[in-house]
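Trainee: Sequence:
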Amino acid sequence: MLKIDDLRVNYGGIEAVKGISFEVPEGEIVTLIGANGAGKSTTLRTIAGLVKPASGRIHLQAEDITGLSPDRIVSKGITLVPEGRHVFPDLTVLENLKIGAYLRTDSLEDDLKWIYDLFPRLKERSWQAAGTLSGGEQQMLAVGRALMSRPKLMMMDEPSLGLAPLVVKGIFDIIKEVNRQGVTILLIEQNANMALHTANTAYVLETGRLTMRGTGRELLANEDVKKAYLG
1 MLKIDDLRVN
11 YGGIEAVKGI
21 SFEVPEGEIV
31 TLIGANGAGK
41 STTLRTIAGL
51 VKPASGRIHL
61 QAEDITGLSP
71 DRIVSKGITL
81 VPEGRHVFPD
91 LTVLENLKIG
101 AYLRTDSLED
111 DLKWIYDLFP
121 RLKERSWQAA
131 GTLSGGEQQM
141 LAVGRALMSR
151 PKLMMMDEPS
161 LGLAPLVVKG
171 IFDIIKEVNR
181 QGVTILLIEQ
191 NANMALHTAN
201 TAYVLETGRL
211 TMRGTGRELL
221 ANEDVKKAYL
231 G
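Every letter in the sequence shown is one number past the one before it in full-length UniProt numbering, and letter 19, counting from 1, is 19.
Derived by calculation from the structure, the hints in this document are not laboratory data. Just so you know, these numbers come straight off a predicted model, no measurement behind them. By construction, the Cβ of each residue, glycine as well, lies at the ideal position given by its N, Cα and C atoms. Worth double-checking, as some hints may not be accurate.
As the list claims (entries may be wrong) - Under the rule of at most 25 angstroms between Cα atoms (straight-line distance), these lysine-lysine pairs were calculated in the DSS-like manner:
| hint | residue 1 | residue 2 |
| --- | --- | --- |
| 1 | LYS123 | LYS169 |
| 2 | LYS226 | LYS76 |
| 3 | LYS76 | LYS52 |
| 4 | LYS226 | LYS176 |
To be verified - So the derived label-pair ranges between C-beta atoms look like this:
| hint | residue 1 | residue 2 | range |
| --- | --- | --- | --- |
| 5 | THR215 | PRO165 | 23 to 29 angstroms |
| 6 | HIS59 | GLN128 | 21 to 27 angstroms |
| 7 | GLY231 | ASP5 | 45 to 51 angstroms |
| 8 | LEU166 | GLY19 | 37 to 43 angstroms |
| 9 | ALA129 | LYS18 | 40 to 46 angstroms |
| 10 | PRO89 | GLU124 | 34 to 40 angstroms |
| 11 | GLN128 | GLU23 | 37 to 43 angstroms |
| 12 | LYS123 | LEU166 | 17 to 23 angstroms |
| 13 | GLU95 | THR215 | 38 to 44 angstroms |
| 14 | LEU230 | GLY67 | 34 to 40 angstroms |
| 15 | HIS59 | THR105 | 24 to 30 angstroms |
| 16 | ALA221 | GLU28 | 17 to 23 angstroms |
| 17 | ALA164 | GLU124 | 44 to 50 angstroms |
| 18 | ILE14 | SER107 | 27 to 33 angstroms |
Whole structure, please, built from the sequences with the hints as guidance.
Mentor: Here it is as structure tokens:
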């Protein structure tokens with residue numbers, strides 16, 4: 001579904017992403033793991049059109065989408081659940097969800113039902129201000145908002161950040177369920193153990209370069225990965 005070819009991204013004089021190439025097959029969960037500053041978030045932000053690449057190409061289902069604006073990227077079928085959730089705190093849960101569908105002109109009724117089936121808590125709180133939700137509920141809302149555009153590919157940036165372990169398990173259960181319902185997922189996550197248990201395919205990103213690739217199980221069993229990321 002997604003193909004990244006020799007992607008390079010600069011911040012000022014610093015090369016943050018150094019010629020990486022990888023693929024996200026349709027229907028899979030693919031994860032990028034790595035330390036802070038490895039270039040994971042930069043990679044997602046570049047795919048989403050929020051950062052312009054210095055060179056390299058990004059293809060979605062064989063269409064070159066390199067350098068398109070973020071709204072065009074969303075219209076092509078890619079959404080990003082950002083690190084830190086970034087819900088609109090003064091708007092209600094329902095208003096936040098509708099913002100996720102801002103490019104659509106058709107009825108939202110079926111999609112709202114789908115989101116409320118996935119996240120019953122959001123239905124209970126649909127008229128509540130998003131800023132009054134717990135961290136876990138805000139993460140559910142951020143995922144639901146991203147799904148309202150009916151994406152082919154959903155990218156997730158650190159979905160477990162700042163959440164209690166029990167809440168994290170629930171979020172990853174939802175990630176797997178969303179994937180089972182047909183949404184391809186590209187995930188970056190500091191909780192390497194959870195990410196590798198969830199992903200079909202995994203890559204290790206170190207200082208802007210991809211250094212390892214395998215199935216989630218293969219990287220879980222890799223001694224270098226264990227020492228660096230699994231503790």
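Trainee: Has the hinted range 17 to 23 angstroms been met by the Cβ atoms of ALA221 and GLU28?
Mentor: Since the Cβ atoms of ALA221 and GLU28 sit about 19 angstroms apart, the hinted range of 17 to 23 angstroms holds.
Trainee: Quick check on a hinted range of 34 to 40 angstroms for LEU230 and GLY67, using CB atoms only.
Mentor: This hint holds: roughly 36 angstroms between Cβ atoms.
Trainee: Just to be careful, I want the Cα atoms of LYS226 and LYS76 compared with a cutoff of 25 angstroms; is the pair within it?
Mentor: Violated: LYS226 and LYS76 sit about 37 angstroms apart, past 25 angstroms.
Trainee: Holds or violated: are the alpha carbons of LYS226 and LYS176 at most 25 angstroms from each other?
Mentor: Given pair LYS226, LYS176 holds - Cα atoms ~23 angstroms apart, limit 25 angstroms.
Trainee: LYS123 and LYS169: Cα distance at most 25 angstroms?
Mentor: Status holds; Cα separation ~20 angstroms.
Trainee: Does the Cβ pair LYS123, LEU166 satisfy 17 to 23 angstroms?
Mentor: 21 angstroms, holds
Trainee: A range of 44 to 50 angstroms was offered for this pair. Does it hold for the Cβ distance of ALA164 and GLU124?
Mentor: Roughly 20 angstroms apart at Cβ, these two residues miss the hinted range, so it is violated.
Trainee: Taking the CB of HIS59 and the CB of GLN128, does the distance hold inside 21 to 27 angstroms?
Mentor: Violated - the Cβ-Cβ distance for HIS59 and GLN128, about 41 angstroms, lies outside 21 to 27 angstroms.
Trainee: Cβ-Cβ distance between GLN128 and GLU23: within 37 to 43 angstroms?
Mentor: With a Cβ separation near 40 angstroms, GLN128 and GLU23 satisfy 37 to 43 angstroms, so the hint holds.
Trainee: Is the gap between the beta carbons of ILE14 and SER107 within 27 to 33 angstroms?
Mentor: 46 angstroms, violated
Trainee: Tell me if the beta carbons of LEU166 and GLY19 are separated by a distance inside 37 to 43 angstroms.
Mentor: Given range 37 to 43 angstroms: holds, Cβ gap about 40 angstroms.
Trainee: For the hint 24 to 30 angstroms, verify it against the beta carbon of HIS59 and that of THR105.
Mentor: 27 angstroms, holds
Violated hints for the displayed structure, listed by number in ascending order: 2, 6, 7, 10, 17 and 18.
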